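Make a model of the complete structure from these sequences and hints.
2 protein chains.
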Amino acid sequence: MKKLLLISSSSTHGTSFLEHAQHAIQDHLQGVKTVTFVPFALANREAYSRLAEKAFRSFGFGMQSLHQTEDPKAMVAEAEAIFTGGGNTFRLLKTLCDYQLVDPLRQRVLAGMPYMGSSAGTNITCPTIRTTNDMPIVEPPSFTALDLIPFQINPHYLDANPDSTHQGESRATRLSEYLEENETPVLGIREGCWLKINGDGGEVAGSNGAVLFRRDQPALEMKSGDSLEQLFLSKR
Amino acid sequence: MKKLLLISSSSTHGTSFLEHAQHAIQDHLQGVKTVTFVPFALANREAYSRLAEKAFRSFGFGMQSLHQTEDPKAMVAEAEAIFTGGGNTFRLLKTLCDYQLVDPLRQRVLAGMPYMGSSAGTNITCPTIRTTNDMPIVEPPSFTALDLIPFQINPHYLDANPDSTHQGESRATRLSEYLEENETPVLGIREGCWLKINGDGGEVAGSNGAVLFRRDQPALEMKSGDSLEQLFLSKR
Chain R
1 MKKLLLISSS STHGTSFLEH AQHAIQDHLQ GVKTVTFVPF ALANREAYSR LAEKAFRSFG
61 FGMQSLHQTE DPKAMVAEAE AIFTGGGNTF RLLKTLCDYQ LVDPLRQRVL AGMPYMGSSA
121 GTNITCPTIR TTNDMPIVEP PSFTALDLIP FQINPHYLDA NPDSTHQGES RATRLSEYLE
181 ENETPVLGIR EGCWLKINGD GGEVAGSNGA VLFRRDQPAL EMKSGDSLEQ LFLSKR
Chain D
1 MKKLLLISSS STHGTSFLEH AQHAIQDHLQ GVKTVTFVPF ALANREAYSR LAEKAFRSFG
61 FGMQSLHQTE DPKAMVAEAE AIFTGGGNTF RLLKTLCDYQ LVDPLRQRVL AGMPYMGSSA
121 GTNITCPTIR TTNDMPIVEP PSFTALDLIP FQINPHYLDA NPDSTHQGES RATRLSEYLE
181 ENETPVLGIR EGCWLKINGD GGEVAGSNGA VLFRRDQPAL EMKSGDSLEQ LFLSKR
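Sequence lines, in order, name chains R and D. Counted from 1, the first sequence has number 26 at position 26 by this note's numbering; the numbering is strictly sequential. Counted from 1, the second sequence has number 113 at position 113 by this note's numbering; the numbering is strictly sequential.
Keep in mind that the hints were calculated from the coordinates and are not lab data. Fair warning: there could be bad hints in the mix.
[As the list claims (entries may be wrong)] What follows is a list of derived Cβ distance ranges for each label pair:
no.	chain 1	residue 1	chain 2	residue 2	range
1	D	16	R	14	38 to 46 Å
2	R	198	D	107	29 to 37 Å
3	D	71	R	111	50 to 58 Å
4	R	43	D	162	19 to 27 Å
5	D	15	R	180	39 to 47 Å
6	D	46	R	200	38 to 46 Å
7	D	183	R	158	46 to 54 Å
Keep in mind that this is a model prediction, so the values were computed, not measured. Heads up, the beta-carbon is just placed ideally off N, CA and C, and yes, glycines get one too.
In structure tokens, the structure reads:
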């Protein structure tokens with residue numbers, strides 16, 4: 001049974017790397033000794049894996065990183081659990097494609113290996129990366145992602161600032177433009193929020209909540225504890 | 001000789017559509033009777049072309065829109081001048097590709113037809129769309145754009161807000177990540193700013209200025225009247 005912990009952002013204002021989600025992570029990774037880290041969303045993989053390793057050690061887990069092996073496919077095949085860190089979603093997906101890791105990762109998660117991601121690591125679990133906030137700094141072969149859940153996520157979801165004088169699109173406007181072109185619903189998850197997915201269901205967790213956007217329907221506010229069942233039903 | 005007017009945003013705080021750039025537009029389009037509008041960055045092409053037509057009429061120009069013809073290639077071939085409006089850059093580029101208009105447009109501009117763009121309409125004149133702020137809501141066949149200038153532009157450029165508690169990347173961070181992966185320089189142009197390109201040169205104009213980002217070099221503030229010559233030299 002699929003088991004995913006999908007975090008909006010690796011930190012919240014004033015907290016250290018993953019600190020705000022520590023208890024959810026410990027719960028999600030119960031029984032796991034060593035977590036396998038996917039560092040590809042940032043350019044400096046070594047520094048990134050050290051940062052992640054420090055956090056996971058403090059939570060009681062060992063860590064190895066995919067950039068430390070000559071054979072990342074083998075490391076994925078043997079991983080007890082995967083954590084994919086945030087950064088640039090285009091770079092992350094392109095690197096996974098370059099290393100031919102998309103399908104191996106997907107198959108392991110479908111077979112029940114616990115997966116956790118934050119930000120870009122959350123984006124890539126969706127059907128596509130079409131709801132990322134990131135700049136398209138590199139060109140992956142396609143926007144198709146791991147497709148582990150039947151809906152899209154927009155991490156770092158941000159409510160419009162009524163005092164802003166900036167003319168760029170608000171996040172809600174961007175997501176409504178996404179829905180002009182696509183039917184798959186999008187859940188905007190605020191910083192502090194995460195989703196717990198178990199099989200074909202799950203719930204909103206953490207703090208600050210989420211907003212569900214669907215075509216031709218008003219935006220729906222969701223809070224910690226709310227079920228994601230309707231989002232799984234819609235694709236069956 | 002190429003002649004482009006590349007505007008950061010179609011409006012600034014408190015101004016109507018293109019009002020802030022009216023004099024630059026009238027100067028750029030001297031001698032032009034009817035401007036051809038490219039409305040493809042927004043979903044509602046009819047409403048968008050009405051908005052643009054109203055502004056251009058008040059500036060003293062007629063307007064026709066590419067969505068009003070069965071043969072957009074012929075309309076591009078006969079256009080006196082082109083204006084491409086803002087919206088979503090991925091949607092704009094994909095539509096131009098679907099209609100096979102990228103090369104015809106490019107050839108007309110290289111041959112001297114005046115071009116103006118705002119926001120997404122500015123993004124597509126760059127070598128690629130890799131420095132757009134937009135969400136990748138649709139998938140164009142490639143990120144390669146009209147390649148009319150030898151550098152990238154980031155429209156709606158926004159300085160980091162030191163009071164922000166949001167953990168998403170600042171614009172400067174996003175552009176530094178672009179430069180980790182690409183060597184082409186990027187000019188971030190603030191709302192209110194535009195670039196005037198004439199042949200293989202040009203200058204910063206309008207208000208609020210721009211910031212030049214180059215790999216391994218400190219960011220360089222540029223102001224109205226500053227020459228863009230160095231950006232053209234670097235590619236020769």
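Here is how each hint holds up against the structure:
1. Evaluation of the 38 to 46 Å hint for residue 16 of chain D and residue 14 of chain R yields a pass: the beta carbon distance comes to about 41 Å.
2. At about 56 Å, the beta-carbon gap between residue 198 of chain R and residue 107 of chain D misses the expected band of 29 to 37 Å.
3. For the pair residue 71 of chain D and residue 111 of chain R, the supplied restraint of 50 to 58 Å holds, since their beta-carbon distance comes to about 53 Å.
4. Checked against the hint of 19 to 27 Å, the C-beta distance between residue 43 of chain R and residue 162 of chain D comes to roughly 25 Å, which is consistent with it.
5. Hint check: residue 15 of chain D to residue 180 of chain R, Cβ distance near 26 Å, so the stated range 39 to 47 Å is violated.
6. Checked against the hint of 38 to 46 Å, the pair residue 46 of chain D and residue 200 of chain R passes, with Cβ atoms roughly 42 Å apart.
7. For the hinted restraint 46 to 54 Å between residue 183 of chain D and residue 158 of chain R, the CB-CB distance of approximately 31 Å leaves it violated.
The structure fails hints 2, 5 and 7 (numbered hints given earlier, in ascending order).
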